[in-house]
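What follows is the residue order along each chain.
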Amino acid sequence: MRAANVLQLGIKELRGLVRDPVLMFLIVYAFTVSIYTASRAMPETLNRAAIAIVDEDQSPVSVRISTAFYPPYFTPPQLITPQEMDARMDAGLDTFALDIPPDFQRDLLAGRAPTIQLNIDATRMTQAFTGGGYVQSIVSSEVSEFLNRYRRASDVPVDLVLRSRFNAELNKSWFGAITNVISHITMLSIILTGAALIREREHGTIEHLLVMPVTPTEIMVSKIWSMGLVVLVATSFSLTVVVQGFLAVPIQGSLALFLAGTALQLFATTSLGIFLATVAGSMPQFGLLLMMVLLPLQVLSGGVTPRESMPEIIQVIMYAAPNTHFVMLAQAILFRGAGLDVVWPQLLALAGIGTVLFLFSLQRFRAFLR
Amino acid sequence: MSPSEEAGTPPAPVRSVVSVQAVSLSYGKTRALDAVSLDIPAGRMVGLIGPDGVGKSSLLSLIAGARVIQQGQVEVLGGDMADARHRRITCPKIAYMPQGLGKNLYPTLSVFENVDFFGRLFGQGRAERERRIGELLESTGLAPFADRPAGKLSGGMKQKLGLCCALIHDPDLLILDEPTTGVDPLSRRQFWELIETIRAGRRGMSVIVATAYMEEAARFDWLVAMDAGKVLATGAPADLLAKTGAANLDAAFIALLPEEQRAGHQEVVIPPRPEGADGEIAIEAEHLTMRFGDFTAVDDVSFRIARGEIFGFLGSNGCGKTTTMKMLTGLLPATEGKARLFGQEVDPDDLAVRRRVGYMSQAFSLYTELTVRQNLDLHARLFRLEPQAIPARIAEMAQRFDLADMMDALPDALPLGIRQRLSLAVAMIHAPDMLILDEPTSGVDPIARDGFWQILSDLSRKDNVTIFVSTHFMNEAALCDRISLMHAGKVLVSDRPAAIIETRGAKDLEEAFIAYLEGAIGTKAAPAAPPEHQPVSATSDLVEEWAGKVATDGGTKFSLRRMFAYTRREALELRRDPIRAALAILGSVLLMLVVGYGINLDVENLSFAVLDRDDTTVSRDYVLQIAGSRYFTQKAPITDYADLDRRMRSGELSLAIEIPPGFARDAAHGRKVQVAAWIDGAMPVRAETVQGYVQGIHASWLTQKARELYGKSATVGDFQLQIRYRYNPGVESLVAMAPAVIPLLLMMIPAMLAVLSVVREKELGSIINFYVTPVTRLEFLVGKQLPYVALAMLNFLMLTAVAVFIFRVPFTGSFLTFTFGALLYVIIATGMGLVISTFMSSQIAAIFGTSLITLIPAVQFSGMTDPVSSLQGAGAFIGRIYPTTYFMVIARGTFSKALDFADLWSAFVPLLITVPVLLCLGAVLLKKQAT
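First to last, the sequence lines map onto chains H and V.
Residue numbers for the first sequence follow our numbering, beginning at 36 and rising by one.
Residue numbers for the second sequence follow our numbering, beginning at 2 and rising by one.
Certain hints may be false.
As the list claims (entries may be wrong) - Taking CB as the label site, the calculated pair distances span: (1) H:314 with V:521: 34 to 40 Å; (2) V:587 with H:239: 15 to 21 Å; (3) H:290 with V:642: 25 to 31 Å; (4) V:638 with H:374: 48 to 54 Å.
What the hints assert, rightly or not - To list a few chain V residues with every Cβ distance to chain H over 10 Å, as calculated: (5) 239; (6) 604; (7) 917.
Unchecked claim - Sample of chain V residues lacking proximity to chain H, with all beta carbon distances greater than 12 Å (derived): (8) 247; (9) 338; (10) 339; (11) 407; (12) 640; (13) 667; (14) 897.
Simulated from the structure, these hints should not be mistaken for lab results.
Being a predicted model, the structure only gives us computed values, none of them experimental.
All residues carry an ideal CB built from backbone N, CA and C; glycine is no exception.
Starting from the given sequences, assemble the full structure and let the hints guide the process.
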């Protein structure tokens, strides 16, 4: 392998990319606008949850409860009859239905501990879970405030002090921004290298290269470094300008260490891109394959939901995917400020997976050129 | 017009079959046709001649009605082609075979299936189709290959198949666009004989042919010479020759060109090779053989080429020329035999030999994204020229190949002839001793071609460069020092062109080649038998028929047969495309598993550890309370703050608990104690859940303690809040997610497959069959939709099975209701795909575009996470009109809420309305002609 050839071929790739307006747009869009909007649009868990109230008591306390639900967390409550309740929930109109029984206030004041029923449509997981907690605490505080006019509540001896580390306010847009950067790194590196190879094949230029004194390894390495570099530059720009600048997300750890990890991840994903391109052969087939590969890679790597809650077998399988290690590394460095002493196992794993993918793809690539 | 050259041709009507008035056509800024006016006589064999890119194909596609007329008037068979009604009436009378080998064929379909498809499009019944197909395949000699996929046919056979497809409905006007380009001379001759027989059997049929071969054109009745979007001249071949005083049509064509283009043109004259120069052997092939599986592409080929010689390789597409060249350059390792360059055996890994060879491949294969200069520079560097010598070398090549004026232009902006010069310049940049050129002049106009050969001559004679060139032009082959005739992987003969003609006693090279080919095939190919079936209409007065009211064969009405023709073909094609079929069948299941397991909101097995500074039974009891819950898994105790910090940074711990010293004592004495809990906030959703769990556990520990301390009365609260988690009592993620994911996947994947089915045809060119056959838009759309609806229903069953049997989601409602809802929904999904396909033109754009258009509304606005009732603004509007919203209600209702049709009918109404709306929208937006 000659470094000069690799350099020349890589420069050619970069020139080709600059002249492809679609891919250039995709890169710029993915690392700026897309990250910004995705982070801003990160939904709050509870937003205008639909709630209906069956008020069979019509007492001051029940009215007090009814008026305690308001936007943005809840829609203004629908006051309905007990008969309507089931039909409305079946039709999916309400997520919550609160049933305040007759004589609630009287029983409450008499210390008979009456029961309020809260119906939750548990097919709506996100709202059901957090929303249930909200409704519970709103009802409790309204009732105890009402009761406090009559008597004082007793003290509890042990307090629990909860603190969130690394993101004290549990700001979801921080998480959204970084998650998107991570997934765009994977997506673009695969698309760019795969498309670069398929474009050459469709234009017949790859054959032309082979009659020149260059080896398949040189061709492949040149595509890897050039496309990897593009994504690396776009990533650093995105992290410093968009994430730290516009979105004002604090980055805890060392950016340089993260970029080193990114370089290893790119080594693995660009090799994967070449591999997919050799399997697909044409651009449309590459697009279809991409859908089937990219989604599992991103969703199951722990970047979107915690790995702990996935079945054991999937967790084990996903250790073979570079994304899993990259997500761990990125979260550790960017959110928790971890250093080399913490993330070295991930770096090692990425280097290992990258090498295996590279060698495997090189073999496929050689066969593909025949 | 009353041409006198009619003598000898069948009594032809005097009227013109095609009349073109001031027609212009532009593709963006490029002007393909420039105010062309032309009358083409009926009942003749008419040729359109000229090099590539002069507007021949554009003109033919306008005549065939495949393309929208931008300017001017086109009358075909006595009617205006701008009038949709006339097009509907005439298109069953026109047959159109577009340019490109087998472009309107379906490569994965067999020969029979291809012709059968066309028969169905023209509404023929089963018996009629079988009879006609049998006759056509018999007369074209394709009958033995009826089951072979069209993609695996040789070029000549593909063209014959194309002809079969065109002739299945007895056309009055046959339009052939370069039908014989890249086909071997024997197949070419057979092709023309076939056309002759068909014309004899169907007198009065007009044939319009575009061709780049002047030898062929010389045999036509009437010619139109075109250049740069204009008609240069029309008339019988003899007239054109007489007018220009040229000996052959090539020369006549050049003479017809405007003065400025002809400037500097000279006949190519290659001086003879000096005697006794044959000393060094540059290229040597010994028994070269190449097999791909069972197929022998190159069979025992041997030859020797001397240094400085121009050696030509003559043969049809797919006869093994390119494969032989690849073996010589080391691109392909030979299965058997040896290749030597300059006495050294070719070794694919030996890069040194490559530096002595310049190679120019068949298609233009330079980087279109690099300028002329950058292309030259890149190749110079890859061939390791001295960096300081490169600029001078580039300048030298630019001057020699006359590229100096366009050094900074992009190759795409240059005419074909100049691009070929650039390719040659690139191949020569490192001053190789040998050039291997694979069909370097395909599609290049005669003047540029002569210029190109002049350069080759100079290279050979002045610089002693060995040139190995392949071509399928006979007049180019005649310029070579020696040629090899190649057919089906074998070299038939190798000698000087003159010697070959002499041995065979032929009149020219083409005839000699045909003689050799016939010898190789064994039997003299039987002339095609005339088709037995007689045309339905009386031939003598076809013209009268056009003029009068033509009875139409139901071309405007909806025909089930034509619709099912598309359904059948689509299903066959899908079955033979592994990646698309895999996506169609397994893609949705794979994605369902991924989403089901990945988007799991149950948070379990969270790791936590404790820094217990109290270490009493009470503190251990507190820890046990957490460790005992199913949500948390306890890790080794934390030793100090540094340990806590490190383990939280690495992500090992999601929760750390610190219990202060004196915890038990203080609590017992009623003094305020604080337990500290640190939560990893990196993943906010998970952190919120952890918070909730910890608070809950803490509260229940407190209650328990209170009960221990103060007795039972202490635990009675003021009131009770009884929570009923309805429909999903375990509050399990999967139970909630699975019924919601099914609508999502049933939208995205069927829509994408439907989009691709149309856009693929647009990209590959077979959409032309829709443009020029009597298929209506509705037949086309519904026909294409049906197989995907069936496939989507299969997907639906598989997804439901995954949900019920793998995810263990209980199905409580009416399955029949769910299935009916799904059927309506997938009809809508595929219908949306077809609507989207009307404004997408490339497959890759279709894939990404469709994902965006289907995924975002389905995920965000259809009540998957947030119910539509909580949306606002545009999102709420989209949510209310998007079909996923309603199918989501049906899916959840039948899966989890034990509902049936009586409860859910209101969700069916919008779906029922959407089906016809989408169908009409698709039919309105779909174009029946290319624009």
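Now the hints, each set against the structure:
1. Evaluation of the 34 to 40 Å hint for residue 314 (chain H) and residue 521 (chain V) yields a pass: the beta carbon distance comes to about 39 Å.
2. Hint check: residue 587 (chain V) to residue 239 (chain H), Cβ distance near 32 Å, so the stated range 15 to 21 Å is violated.
3. Checked against the given bound of 25 to 31 Å, the beta carbons of residue 290 (chain H) and residue 642 (chain V), roughly 26 Å apart, stay inside it.
4. Distance hint check: the CB atoms of residue 638 (chain V) and residue 374 (chain H) are about 24 Å apart, inconsistent with the given range 48 to 54 Å.
5. With a least CB separation of 41 Å from chain H, residue 239 (chain V) remains clear of the 10 Å interface cut-off, as annotated.
6. Not every C-beta of chain H lies more than 10 Å from that of residue 604 (chain V), the closest at about 5 Å, which undercuts listing it as non-interface.
7. Every beta carbon of chain H lies more than 10 Å from that of residue 917 (chain V), the smallest distance being close to 25 Å; the non-interface claim holds.
8. A cut-off of 12 Å between C-beta atoms confirms that residue 247 (chain V) is not in contact with chain H; the least separation is 36 Å.
9. The non-interface label for residue 338 (chain V) is consistent with chain H: the shortest C-beta to C-beta separation is roughly 17 Å, beyond 12 Å.
10. Interface exclusion of residue 339 (chain V) from chain H stands, the closest Cβ pair being 19 Å apart, more than 12 Å.
11. Non-interface status of residue 407 (chain V) relative to chain H is upheld: no Cβ of that chain comes within 12 Å, the nearest being about 17 Å off.
12. With a minimum CB-CB distance of about 17 Å to chain H, residue 640 (chain V) clears the 12 Å threshold, and the non-interface call stands.
13. The claim that residue 667 (chain V) lies off the interface is violated: its Cβ sits roughly 8 Å from the closest Cβ of chain H, which falls inside the 12 Å cut-off.
14. Consistency note on residue 897 (chain V): stated as away from chain H, yet its beta-carbon is not over 12 Å from all of that chain's, at 5 Å minimum.
Hints 2, 4, 6, 13 and 14, counting from the list given before, are not met by this structure.
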